[in-house]
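A.B. asks: Sequence:
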Amino acid sequence: MKIWAHRGCSQMYPENTLLALKKASELKSLEGIELDIQLTKDGYLVVCHDERVDRTTDGIGEVRQYTLSELKKLRINAGNRKKEQIPLMEEVFDLLGDKIRSGLRLNIELKNSVFPYEGMEQKIVDLVHRYGVQKQVIYSSFLALSLERIKSLDSDAETGILDNRVSDCLHKLKGGCKADALHPYWKGIDVPVERIDGYTVRAWFTGHLYPEKPSGNMLDLDILQEQGITDVFLNEPEKYCQ
1012 MKIWAHRGCS QMYPENTLLA LKKASELKSL EGIELDIQLT KDGYLVVCHD
1062 ERVDRTTDGI GEVRQYTLSE LKKLRINAGN RKKEQIPLME EVFDLLGDKI
1112 RSGLRLNIEL KNSVFPYEGM EQKIVDLVHR YGVQKQVIYS SFLALSLERI
1162 KSLDSDAETG ILDNRVSDCL HKLKGGCKAD ALHPYWKGID VPVERIDGYT
1212 VRAWFTGHLY PEKPSGNMLD LDILQEQGIT DVFLNEPEKY CQ
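For the sequence shown, this note's numbering begins at 1012 and goes up steadily by one.
Worth flagging that the hints you see were computed from the coordinates, not collected in a lab. Every residue, glycine too, gets a C-beta built ideally from N, C-alpha and C. It is possible that some hints are incorrect.
As the list claims (entries may be wrong) - No farther apart than 27 angstroms at their CA atoms in a straight line, the calculated lysine-lysine pairs in the DSS-like style are these:
no. : residue 1 : residue 2
1   : LYS1094   : LYS1250
2   : LYS1034   : LYS1083
3   : LYS1250   : LYS1224
4   : LYS1039   : LYS1250
Said to hold, decoys possible - Beta-carbon label-pair distances, calculated as ranges:
no. : residue 1 : residue 2 : range
5   : PRO1222   : PRO1127   : 28 to 34 angstroms
6   : GLU1205   : GLU1037   : 37 to 43 angstroms
7   : MET1229   : GLU1102   : 30 to 36 angstroms
8   : ASP1109   : GLY1054   : 23 to 29 angstroms
9   : SER1080   : ASN1228   : 41 to 47 angstroms
10  : TYR1251   : GLU1102   : 23 to 29 angstroms
11  : ASP1069   : GLU1101   : 19 to 25 angstroms
From just these sequences and the hints, can you work out the full model?
C.D. replies: Structure (structure tokens):
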């Protein structure tokens, strides 16, 4: 089973911050890090999961309503540590570039199923190529058309189609998005393992994000593997990467 850090180490540190991403990059045997991108009002790629900033920052409103300079004035509470900001995607590559080029993988989720940010695909593909890390990057989205655009921009790009059920991921894949992997919710494996055998199946999880109290339980990865899951995006990867 391959372990990914979901939004970085998002149980111990604020999700999708440079702090959470850096801590994840230091874990041994970690396959990669997952993060989410959106566009600012003035067209910059930033790392944020929610379409609104309310939950994770001291601001209010949608990411797309802020310019980069306005967004950088918002603060993310990191407890007793220095307050964090919403990162610019260039800052992520500056921080993790050497690790990525040395083998760490990066799953970039395009958060465009609610607001279909125009030009997002071109911007992120161009940025990935500028940093020379295209072989280590996977692009994912709930929006099949977005992955089609990624493939049209870079036919060698690796993509993963997101949905709640693995059957819906399969449907989108066979509908023409040409995804290389299935990215379902971990409780959404609703087909026999034979139907997904041979596919890379990266399952995502929810809950227990910083600063919530951790569950204390460990997943039985063997059971998940028997269902056909090959990779997991975890909020507490440090518990599984020793």
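A.B. asks: Could you run down the list of hints and mark each one as holding or not?
C.D. replies: Right, here's what the structure says about each hint:
no.	hint	verdict
1	LYS1094 with LYS1250	holds, 25 angstroms
2	LYS1034 with LYS1083	holds, 21 angstroms
3	LYS1250 with LYS1224	holds, 15 angstroms
4	LYS1039 with LYS1250	holds, 11 angstroms
5	PRO1222 with PRO1127: 28 to 34 angstroms	holds, 32 angstroms
6	GLU1205 with GLU1037: 37 to 43 angstroms	holds, 38 angstroms
7	MET1229 with GLU1102: 30 to 36 angstroms	holds, 33 angstroms
8	ASP1109 with GLY1054: 23 to 29 angstroms	holds, 27 angstroms
9	SER1080 with ASN1228: 41 to 47 angstroms	holds, 43 angstroms
10	TYR1251 with GLU1102: 23 to 29 angstroms	holds, 27 angstroms
11	ASP1069 with GLU1101: 19 to 25 angstroms	holds, 23 angstroms
Hint compliance for this structure: every hint is met.
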